[in-house]
Amino acid sequence: MASPDLSEARHSRDADPAPSLFGHYELDAHFFDETFESEGQPRAHYRLLIDEMERMSPEEVERLQERVTRSFLDEGITFTVYGDEESIERVIPIDCVPRLVLAREWEHIERGLIQRVQALNLFLADVYGKGHILGDGTIPRDLVQRCPNYRPEMEGVQVPLGAYVSVCGSDIVRTADGFMVLEDNLRVPSGVSYMLACREAIRRSFPRVFRRYHVRSVDHYGQELLRVLRSLSPRKGEEPSIALLTPGVYNSAYYEHAFLAREMGIELVTGDDLLVRETQLYMRTVQGLRPVDVLYRRLDDDFIDPQAFRPDSCLGVPGLFEVYRAGNLALANAPGTGVADDKAVYSYVPRMIRYYLDQEPILDNVETFLCREPEGLAYTLEHLENLVVKAVGESGGYGMLVGPHASQEEREAFAAKLRTQPNNYISQPVLALSRAPCLIDGRLEARHVDLRPFVLHGQETSVVPGGLCRVALRKGSLVVNSSQGGGSKDAWIIEEDAP
Amino acid sequence: MILARVADSFYWMNRYLERVEHTARLLGLQLEHLPSSPVQEIANGWRRLFSSLDAHPPGADIYGGPEDDDDFFFADGYTLTDYLTFDTTNPTSIVSCLTAARENARQVRDAISNGIWSSLNRAYLRLRDTDLVDIWSREPVMLYRDIVEAVQLFDGVCASSLRRDAGWHFMRIGRFIERAQLVSSLLEAHCANVKDTAEEDGDWAGLLRVCNAFEAYCQLHGAQAGREKVLGFLVYDAELSYSLRFAVNRIRASLEVIDPPVRGHLPVEPYEIVGRLDSALSHHMVNLVAGGGGWYDLTDLVILCRNFHEALERTYVYYPTEAQTAS
Numbered sequence: 001m002a003s004p005d006l007s008e009a010r011h012s013r014d015a016d017p018a019p020s021l022f023g024h025y026e027l028d029a030h031f032f033d034e035t036f037e038s039e040g041q042p043r044a045h046y047r048l049l050i051d052e053m054e055r056m057s058p059e060e061v062e063r064l065q066e067r068v069t070r071s072f073l074d075e076g077i078t079f080t081v082y083g084d085e086e087s088i089e090r091v092i093p094i095d096c097v098p099r100l101v102l103a104r105e106w107e108h109i110e111r112g113l114i115q116r117v118q119a120l121n122l123f124l125a126d127v128y129g130k131g132h133i134l135g136d137g138t139i140p141r142d143l144v145q146r147c148p149n150y151r152p153e154m155e156g157v158q159v160p161l162g163a164y165v166s167v168c169g170s171d172i173v174r175t176a177d178g179f180m181v182l183e184d185n186l187r188v189p190s191g192v193s194y195m196l197a198c199r200e201a202i203r204r205s206f207p208r209v210f211r212r213y214h215v216r217s218v219d220h221y222g223q224e225l226l227r228v229l230r231s232l233s234p235r236k237g238e239e240p241s242i243a244l245l246t247p248g249v250y251n252s253a254y255y256e257h258a259f260l261a262r263e264m265g266i267e268l269v270t271g272d273d274l275l276v277r278e279t280q281l282y283m284r285t286v287q288g289l290r291p292v293d294v295l296y297r298r299l300d301d302d303f304i305d306p307q308a309f310r311p312d313s314c315l316g317v318p319g320l321f322e323v324y325r326a327g328n329l330a331l332a333n334a335p336g337t338g339v340a341d342d343k344a345v346y347s348y349v350p351r352m353i354r355y356y357l358d359q360e361p362i363l364d365n366v367e368t369f370l371c372r373e374p375e376g377l378a379y380t381l382e383h384l385e386n387l388v389v390k391a392v393g394e395s396g397g398y399g400m401l402v403g404p405h406a407s408q409e410e411r412e413a414f415a416a417k418l419r420t421q422p423n424n425y426i427s428q429p430v431l432a433l434s435r436a437p438c439l440i441d442g443r444l445e446a447r448h449v450d451l452r453p454f455v456l457h458g459q460e461t462s463v464v465p466g467g468l469c470r471v472a473l474r475k476g477s478l479v480v481n482s483s484q485g486g487g488s489k490d491a492w493i494i495e496e497d498a499p
Numbered sequence: 500m501i502l503a504r505v506a507d508s509f510y511w512m513n514r515y516l517e518r519v520e521h522t523a524r525l526l527g528l529q530l531e532h533l534p535s536s537p538v539q540e541i542a543n544g545w546r547r548l549f550s551s552l553d554a555h556p557p558g559a560d561i562y563g564g565p566e567d568d569d570d571f572f573f574a575d576g577y578t579l580t581d582y583l584t585f586d587t588t589n590p591t592s593i594v595s596c597l598t599a600a601r602e603n604a605r606q607v608r609d610a611i612s613n614g615i616w617s618s619l620n621r622a623y624l625r626l627r628d629t630d631l632v633d634i635w636s637r638e639p640v641m642l643y644r645d646i647v648e649a650v651q652l653f654d655g656v657c658a659s660s661l662r663r664d665a666g667w668h669f670m671r672i673g674r675f676i677e678r679a680q681l682v683s684s685l686l687e688a689h690c691a692n693v694k695d696t697a698e699e700d701g702d703w704a705g706l707l708r709v710c711n712a713f714e715a716y717c718q719l720h721g722a723q724a725g726r727e728k729v730l731g732f733l734v735y736d737a738e739l740s741y742s743l744r745f746a747v748n749r750i751r752a753s754l755e756v757i758d759p760p761v762r763g764h765l766p767v768e769p770y771e772i773v774g775r776l777d778s779a780l781s782h783h784m785v786n787l788v789a790g791g792g793g794w795y796d797l798t799d800l801v802i803l804c805r806n807f808h809e810a811l812e813r814t815y816v817y818y819p820t821e822a823q824t825a826s
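Protein sequence lines correspond, in order, to chains F and U. Using the working numbering, the letters of the first sequence correspond one by one to residues 1 to 499. Using the working numbering, the letters of the second sequence correspond one by one to residues 500 to 826.
Take the hints with a grain of salt, since some may be wrong.
Said to hold, decoys possible - Here are the simulated distance ranges between beta carbons:
#  : chain 1 : residue 1 : chain 2 : residue 2 : range
1  : U       : 737       : F       : 287       : 48 to 58 angstroms
2  : U       : 621       : F       : 138       : 51 to 61 angstroms
3  : U       : 628       : F       : 38        : 39 to 49 angstroms
4  : F       : 70        : U       : 663       : 27 to 37 angstroms
5  : F       : 207       : U       : 714       : 43 to 53 angstroms
6  : F       : 476       : U       : 621       : 35 to 45 angstroms
7  : F       : 55        : U       : 635       : 24 to 34 angstroms
8  : F       : 440       : U       : 755       : 22 to 32 angstroms
9  : F       : 312       : U       : 662       : 35 to 45 angstroms
10 : F       : 460       : U       : 662       : 44 to 54 angstroms
11 : F       : 441       : U       : 711       : 47 to 57 angstroms
12 : F       : 460       : U       : 777       : 20 to 30 angstroms
13 : U       : 621       : F       : 412       : 22 to 32 angstroms
14 : U       : 755       : F       : 125       : 30 to 40 angstroms
Stated by the list, open to error - Stretches of chain F that chain U covers, calculated by requiring three or more beta carbons in the stretch to come under 8 angstroms of a beta carbon on chain U:
#  : stretch
15 : 283-292
16 : 350-358
17 : 444-457
What the hints assert, rightly or not - Short, incomplete list of chain U residues facing chain F, as computed with Cβ under 7 angstroms:
#  : residue
18 : 608
19 : 613
20 : 614
21 : 617
22 : 633
23 : 636
24 : 719
25 : 720
26 : 751
27 : 787
28 : 789
Quick caveat, the hints were computed from the structure, so don't treat them as lab data. Idealized CB from N, CA, C, for every residue including glycine.
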């Protein structure tokens, strides 16, 4: 009974006996902590935020968190979970404590991403064009051409500005070794509306510190995206007609589609609104048909045109791909970009950067073992309990095994799959993702985070300074995907000497 | 320029909201009178309410047809209120209509502001989290007042933030065609209930209240509410926002913006139907008393409203697309 007495004695001497928000915050030597250097010692740039939060009572912080969640519900920033009887609308959990990124750290990320997206676009133009990189064996031809997301239909198609990937959302993780790219999302990356909505809600919650930190603005994302879409238009010298193609209200990212269409002032269309006549795409208005020049499509390749791709798709537009091939329509992103964010092709991105740009990669890749290669498979099977194994064709955290968290049986079952279909898998070491404080049951606890900035590529390449910071809200979990119990945070890019 | 689907959603969103407001007004009034009215009058009230909404009481299929008085004696006020308000299996309940309005708003989420969406979404979330059990013993009337106010708030936010473009006018058409149809049905149901007894019988003041017109009527005609004056007011008065005359004028004005008439061209089909409604009203050709000499009964007006709806959808939403590409 000695220690409780001591702590009571210490508390009674304090002017304010209320428990601190950070009182239970635990550091773990295995993981880089974004906020604290050591126990009770915040990093210099976090001090202002921590002081502000410690001035609030735990109830005030809870209320602030409730207001943030409520505003998301009112605005309909929800995704729908479909059950047997009824569907439930859920708010993606938003944590109210922002993550801070120093300007110099950001500039490193920014330069690295711009370099990466430029190389990836050159790679796509090459593999669907002359195929130099495949011809000289820098990247194995069969790895690329047998990839499920390779679209032979795209071979020889002229893509406006060579911009295959106009919108990219790359996932950046940080470990004790620094920042790394975990994956590139080059097909229909989502999350940017959460970044913007999050910013609005969190800025409202911390108005004073927000101003004092001189947080870089993300508000111009819509305008930047619109500029890129305009630059792709085949209708030169005239105001192009631009629309955003959504799968519809039942898609989990529908909120984002509507949000972006509103931000840019372009039409939000579904497949039913569109039709093709004489190799031109039209939309049905109350005054008859109007042409469409640029389509920002938020629909996978498979579904955009049942004549060219999946015949059972009822979401797309028959004949759309022919219009595209004829050069009468621009698509963002171009079909076939998925080959460049394939999890096996990923391991070659540093080589692409050297090949096309003659530069050293600014951002590192995560070490990746290809199970299609005998050494890679052997290594993976031998070290399964220390590796993350991912299926190459999947995304969103599906079809993966986190070795250290799996049971013996699960690992054995997975090993059997690896032996029968090695081409389908890659493995990576379990990353010690950095951690940041999150409000859990009224107090702050450390959770693993990553960062998804959004890169835009048209005539130029740019990155909006910020990103969606994704959080693995389950204690100890390393999986940040919203489909797997993840949430998100606002990410503030701040000047070095701001506070 | 507005997408056909978007115009359609604007239109439906407002039809549903008009119905929400109308049902809430009817129910609020009915519940207000529950504690003080004789049983027969309460049953009459329910009958008028259901038949004006073209709805049947729950269990009508068990006890008999909608004409069967007994339905309204077997079913108690609580059950009927719950059915018309919270029953999601009843497509005309307030919650069903509000859900449908919200789904239509979600379809056009890109074309409406956050303010418009939130005003509707908050009303929906509030109703979704309310249960009749919780409010029945206290003041159920307040719920209906809140619902009416929520729709009015939505109207206000729209009126103060939307451009008066084609989208806005499709909203207006949805609002007023639903109103014209509901008011025609209500007047018809009301008259059927009165069964030609004495002039002052039949709760004409109540009818005015449902139509948000009691004060306006009193200012014009005094508090004496009789059949012909009340019906004439609700059908022909061009300055009363709940009258048929007013609704038809609004619809015609909106159509003229969407599709300005061109001299020498045949008017589009919806315009032609509005023209018929218009002449029925401007020449006072509607039968307001049994055996009157007019060309149109109230039922005919309901049918014209339905025809208008079909013509509107045919002309602007589901038109054929062959030979259209020249534009």
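| query | Can you list which hints this structure breaks, lowest number first? | reply | 1, 7, 8, 10, 12, 13, 14, 16, 17, 20, 22, 23, 24, 25, 26, 27, 28
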